[in-house]
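Chains E and U supply the protein sequences, listed in that same order.
Read the first sequence against this note's numbering and you will find it ends at 364, with the numbers running on by one and no gaps.
Read the second sequence against this note's numbering and you will find it ends at 561, with the numbers running on by one and no gaps.
In case anyone wonders, no lab produced these hints; they're calculated from the structure.
Hints may contain errors.
What the hints assert, rightly or not - Below, a list of computed lysine-lysine pairs in the DSSO-like style, where the Cα atoms sit at most 30 Å apart:
1) U:K430 x E:K96
2) U:K468 x U:K522
3) U:K401 x U:K460
4) E:K126 x U:K401
5) E:K126 x E:K68
6) U:K430 x E:K68
7) U:K522 x E:K68
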Amino acid sequence: MAEKTRKSIPASRIFLYGIIVKNPILVQVVGLCPAVAASSSLRVAALLASVQLMIFVVCEILASTILKIVPRRIRVAVYMAVGAGITFASMYYLEKQSYGQDLLVSAGIYLPLMAANASVALRCEKFAVKKGLWNSICDAFATGLGAAIVLIISGLIRELLGAGTISGNVIFSDPPVPAMQMPFGGFIILGFLAAFLKWCISIFLPAYNHEMAFKIKRTKRRRAPEREPVKETKAAAVNNEKPQTPPAEKKEEGFKISEEALRSDNKRPERKEKRTKPKPAPTPKKNEKEERKEEHKREGFGFVKNMSYDDLFDDTPFEFSLPDVELGDMSADDALKKIINEEFSQDTINKLNITGSDKEGDKQ
Amino acid sequence: MIWFFSMLRAALYTIFIQNLVFNGGYGSSEAIRMSAKPQRFLPFSMMIAFFSTVTALVCRTLDNFKEIKQSGSAVHAALYCAVLISIYLFVALILKLVLDPDKKFFSTLGIAALNTLVFAVPLINRNAGYSYTESIGVGVGSGIAFILALLLINVGLKRLEANNDIPPLFRGTPAMFLYVAMLSLAFNGFSGSSLFT
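Looking at chain E on its own, in the form it has when it is part of the complex (with noise of 0.2 Å):
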């Protein structure tokens, strides 16, 4: 802990990842409330995104300074206060300005809901509780940006088409989908943003395509595969081994794909093989369904599994850890070129845990 605490991470990648590959609305679904109900029209959208920034800059900066010794379940509670003394601050400056009443009456219900924003828990207990000061500003600012600027837009959007204006201005005298204002609209322009970002990702920053959580993961257990303890535990005793444990499954999507070709191509010393992976019991012959449902799952389209609820607050792109790649009598030159022959990123590359030993002998 006291290392993650220390650990500092430059500041563009932490801004690259709070406003685009870890968008906490887009791809991280926290904070819809405001994003689908309240965002009716751009104005209303600029003054809760205002006060949510507001918010996160204040409960990171506190999270990562004196709420550390605090225990989680109240740190929780901390937050909402935090948000709802920003929030309610705002509220009290808006009642007394003239211009303030029409936007309080437009805010609704939702202005003081933002002291119970999910976004806000999520960030300080995933990042700030566990960065420094410095890395915790800056995340704020990324994450706040992030849920602002997809505000913003959804805002734009909603007004213009279901009110026919953008900020009071008239631009379609009959408003071309007025059912746009309700959180329906809302969840339709948020699905597509999403793709749209999607989309970008995929063109514009491909290293990133694989860490993107673009999937709810469900719930389901999967067993755990069948193995022969008895034998192996006992086998080992005698040789003064570790038993073996089972594969841990990978989560990185688009790192298994990269990984099995690096084996396929991969001449592996066949004891290695043995010592490592158990071989699996042969299945039996999977049905069309079954076979359609694995392939979903290869695709990333299937919705991920073995995900508690408590993963809300699991979320963080910065606790991502890849599998580690054993490669056997492989020089880590060769690994690391097949490796970027998969197209992968230096930054990607820089994040393996790589382990094996080089031509000459040395521990990479």
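Could you slot chain U onto chain E? The hints should help.
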């Protein structure tokens, strides 16, 4: 008997006519994320119903005080927020002392208590001028509305997963957003709204 029907009417209105998740967007992120976890539907929804009912009752009681009744919307919202936080901390303390559950339970409890759906209930009650019995109806109804939303989204997720015709760019979250939009539109239809007029 009148109080019972008054409560039932408010609950049914909250579940179907003004489904808080689909028509109001309250707690929609929790609903979407939670929909992938069928075995937790009931306990989570019960927690939401409990917190929203208790918060609604306490806030309704506070509204009887003259000074509070005459105050502005900012003061009301701040007070309701304080009530919600206090109830959450009180329940967490009691559970910690009596049952001492694990950290995951408290994490779930925090999410169930401190979300937009629960916080919206007393604010809606105040705006609509609901009585005590109606406030209880809205509180319980919000829990049932939430579980209805979870079931509908869960069924949709399964079907979206099995559908091979969705374009690759729309697979996953975009398709799910569009599906929830359709549900939201359907529930808006119950309340008499229309698409183009």
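- request: Kindly indicate which numbered hints from before are broken by the structure, ordering the numbers from low to high.
  value: 6 and 7
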